[in-house]
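Hey, can you work out the whole structure from these sequences and the hints?
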Amino acid sequence: MSVAEPKVEKILELDQVKKHFTMGRGQVVQAVDNISFHVYRGETLGLVGESGCGKSTVGRTIIRLYEATDGEIKFKGQSTRDLKGEKLKQFNREMQMIFQDPYASLNPRMTVGDIIAEGLDIHKMAKGQERREKVIDLLKTVGLNEEHADRFPHEFSGGQRQRIGIARALAVDPDFIIADEPISALDVSIQAQVVNLMKKLQREKGLTYLFIAHDLSMVKYISDRIGVMYLGNLVELAESQELYDNPLHPYTEALLSAVPIPDPDSKESGERIILKGDVPSPIDPPSGCRFRTRCPKAMDVCAQEAPKWREVRPLHWVSCHLYQEESLKKEEENKAE
Amino acid sequence: MSEENLLEVRDLHVSFHTYNGEVQSVRGVDFQVKKGETLAIVGESGCGKSVTSQSIMGLIPQPPGKIRSGEILFEGRDLTRFSEKQMEKVRGKEIAMIFQDPMTSLNPTMTVGRQITEGLEKHQRLGKAEARQKAVEMLRLVGIPSPESRMNQYPHHFSGGMRQRAMIAIALACAPKLLIADEPTTALDVTIQAQILNRMNDLKKQLDTSIILITHDLGVVAETADRVAVMYAGKVVETGTVEEIFNRPRHPYTWGLMGSVPRLDLSSRETLRPIPGTPPDLLQPPQGCPFAGRCQYAMKICKTQMPETTEISGFHRTACWLEHPMSPAVTPPNEWVGGGSQ
Chain A
1 MSVAEPKVEK ILELDQVKKH FTMGRGQVVQ AVDNISFHVY RGETLGLVGE
51 SGCGKSTVGR TIIRLYEATD GEIKFKGQST RDLKGEKLKQ FNREMQMIFQ
101 DPYASLNPRM TVGDIIAEGL DIHKMAKGQE RREKVIDLLK TVGLNEEHAD
151 RFPHEFSGGQ RQRIGIARAL AVDPDFIIAD EPISALDVSI QAQVVNLMKK
201 LQREKGLTYL FIAHDLSMVK YISDRIGVMY LGNLVELAES QELYDNPLHP
251 YTEALLSAVP IPDPDSKESG ERIILKGDVP SPIDPPSGCR FRTRCPKAMD
301 VCAQEAPKWR EVRPLHWVSC HLYQEESLKK EEENKAE
Chain B
1 MSEENLLEVR DLHVSFHTYN GEVQSVRGVD FQVKKGETLA IVGESGCGKS
51 VTSQSIMGLI PQPPGKIRSG EILFEGRDLT RFSEKQMEKV RGKEIAMIFQ
101 DPMTSLNPTM TVGRQITEGL EKHQRLGKAE ARQKAVEMLR LVGIPSPESR
151 MNQYPHHFSG GMRQRAMIAI ALACAPKLLI ADEPTTALDV TIQAQILNRM
201 NDLKKQLDTS IILITHDLGV VAETADRVAV MYAGKVVETG TVEEIFNRPR
251 HPYTWGLMGS VPRLDLSSRE TLRPIPGTPP DLLQPPQGCP FAGRCQYAMK
301 ICKTQMPETT EISGFHRTAC WLEHPMSPAV TPPNEWVGGG SQ
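Line by line, the protein sequences are chains A and B.
In this text, residue positions in the first sequence follow UniProt numbering: the first is 1, and each later residue adds one.
In this text, residue positions in the second sequence follow UniProt numbering: the first is 1, and each later residue adds one.
For the record, the hints were derived by calculation from the structure and aren't laboratory data.
Small disclaimer: the values here were computed from a predicted structure and weren't measured.
Backbone N, C-alpha and C define an ideal beta-carbon position, used for all residues, glycine too.
Do not take every clue at face value.
[To be verified] Keeping only pairs whose Cα atoms sit at most 20 Å apart, straight-line, the calculated SDA-like set for lysine to any residue is:
(1) K276(A) x R140(B)
(2) K330(A) x P314(A)
(3) K199(A) x R273(B)
(4) K199(A) x L264(B)
(5) K199(A) x D202(B)
(6) K276(A) x R199(B)
(7) K276(A) x L272(B)
(8) K276(A) x D202(B)
(9) K177(B) x I144(B)
(10) K199(A) x P274(B)
(11) K276(A) x L141(B)
(12) K134(A) x E118(A)
(13) K200(A) x R273(B)
(14) K200(A) x L272(B)
(15) K205(B) x I274(A)
(16) K200(A) x P274(B)
(17) K276(A) x I144(B)
(18) K140(A) x G277(B)
(19) K93(B) x G65(B)
[Stated by the list, open to error] Covered stretches of chain B (chain A as the covering partner; in silico rule of three or more C-beta atoms under 8 Å from a C-beta of chain A):
(20) 157-164
(21) 248-261
Structure, rendered in structure tokens:
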């Protein structure tokens, strides 16, 4: 699909979404802070960032496993905050999730058939023979077969379990699937199998994915657009190739340059940006721009105020003072003083 | 790098007794590590790469594990014949190890400083003050800020990346001749991984340590290793210099591995070619080539007989029937083999 087309429907919109967790003793973890983006129908939006950056919290907040502290999330044009009754049930059916850990996310006491059909039962979508047929159909769709339906999760390998998780998500005919690190627990050769399966299903069923991961190469492979998160903020969002070719935010640059390339000939070609230090705590994030403590290009203004989230080129969003004229002006004034 | 072998593993067999029978984790592994070089052992979970490295360190719990046969020659001495007492003198002093998980492999009840000085006092017979001074130096060397005060802190005060650096400091404190790094950066984020790999490469040059790097990340291999051994189902299926393995791989499993990883530097919309199926069960290892069941080029003989190792050039060796003169010529799907950067 082409994202350049503005007419494509926005299936999901986030506006200034915050998710804070209270830790007791007055401490608050600002896991996600002021995040705004949207997802077009039929695309894959990748969300990358390092551990603790809040990418999983974003996914869980969207699907209402967490309640947003502030801001608005709209799914198909409707705010998800006050959904009740039938509407809520419909939302729960239309949006599904695939989890990271294929060992922990399947109930060990249920047969694979019952795991897959649980959604069908809850939403009263199929019974008896029809239910059985639907399960077999789903198993075949994800590359497993009929006899697997009566087995238990422990009899399957990691890759097979992840396929079961995908079948479970597909059972209720969703439109939107949040995949939270769906392949990071799997071996290299199995990762590619699962990602290719997800791509195939997207083409066949017109699914929209929010693909959350820390593996940049895999995210670039599967996503149409990529959002980069750092310490609870979205710092940059652009089409995948554009983000890779022209990263604007210094964090994106560092992140891209840190990924080792599986080609010994390219060893010397790229200048690697090594970030200093560690990610600060989200309990007490730095003032202004949260990345400034590790940013090789930090200016005085970065500590004074948070950069705005702006579309600096068509479809290329970034939140950094380097791309805000008034900030650069202010920096000049700072220097002059 | 010299031509001298620091370590030579010959026909190593290791198996474990379980309720279900004997799991043959390592089934005839051969490789050498030269002075000052980095050998990467690549493979997927269960291929025997960690068991191999634990055998070198003498860390296989026996029982249930057992080194059934083979030799591990370290500077000409066979480590498999060493008693536990003798091993204690090698371990930490001549061969050190960095583990995958820095959260669980440091002692939570000891200060980080004490964990470094412990080895120095024991192996190098340094006094308390000297050892402490050396430990501070090591922490500074691995890039931990304000090392004097960090010495007195416990592992839980450290972040993941700092713990991994502390572990490197412990491992390198006694200037070992061989460092075994078992997935040293797998638990870390990419920007921290870049810091650690950088540091390891610098230290290797400074201290002239040989490294065995165990990993499944081909990117890490390409950037740090001199030579590579590809393992599958308890066997080394291909070995060669990093250029040979990435640019002219010969074994279909190596092709499969390369085809399974997306390349960040290539324009998108290439398709991944995953290897179908899953690795064999090592409770009943297959009779022939262990990869035959997943190999698109498999012939009749592959299923019944393990191929001999063929030497392609100095270091480059592969165990595959396709190398046999009577085998049909096969062209690797080379649009992704070593294609990239030209």
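Hints, one by one, checked against the model:
{"no.": "1", "hint": "K276(A) x R140(B)", "result": "holds, 14 Å"}
{"no.": "2", "hint": "K330(A) x P314(A)", "result": "violated, 25 Å"}
{"no.": "3", "hint": "K199(A) x R273(B)", "result": "holds, 13 Å"}
{"no.": "4", "hint": "K199(A) x L264(B)", "result": "holds, 18 Å"}
{"no.": "5", "hint": "K199(A) x D202(B)", "result": "violated, 41 Å"}
{"no.": "6", "hint": "K276(A) x R199(B)", "result": "holds, 13 Å"}
{"no.": "7", "hint": "K276(A) x L272(B)", "result": "violated, 34 Å"}
{"no.": "8", "hint": "K276(A) x D202(B)", "result": "holds, 16 Å"}
{"no.": "9", "hint": "K177(B) x I144(B)", "result": "violated, 23 Å"}
{"no.": "10", "hint": "K199(A) x P274(B)", "result": "holds, 13 Å"}
{"no.": "11", "hint": "K276(A) x L141(B)", "result": "holds, 15 Å"}
{"no.": "12", "hint": "K134(A) x E118(A)", "result": "holds, 12 Å"}
{"no.": "13", "hint": "K200(A) x R273(B)", "result": "holds, 13 Å"}
{"no.": "14", "hint": "K200(A) x L272(B)", "result": "holds, 12 Å"}
{"no.": "15", "hint": "K205(B) x I274(A)", "result": "holds, 19 Å"}
{"no.": "16", "hint": "K200(A) x P274(B)", "result": "holds, 14 Å"}
{"no.": "17", "hint": "K276(A) x I144(B)", "result": "holds, 11 Å"}
{"no.": "18", "hint": "K140(A) x G277(B)", "result": "holds, 15 Å"}
{"no.": "19", "hint": "K93(B) x G65(B)", "result": "violated, 24 Å"}
{"no.": "20", "hint": "157-164", "result": "holds (count 4)"}
{"no.": "21", "hint": "248-261", "result": "holds (count 6)"}
Against the hints set out earlier in the document, violations occur for numbers 2, 5, 7, 9, 19.
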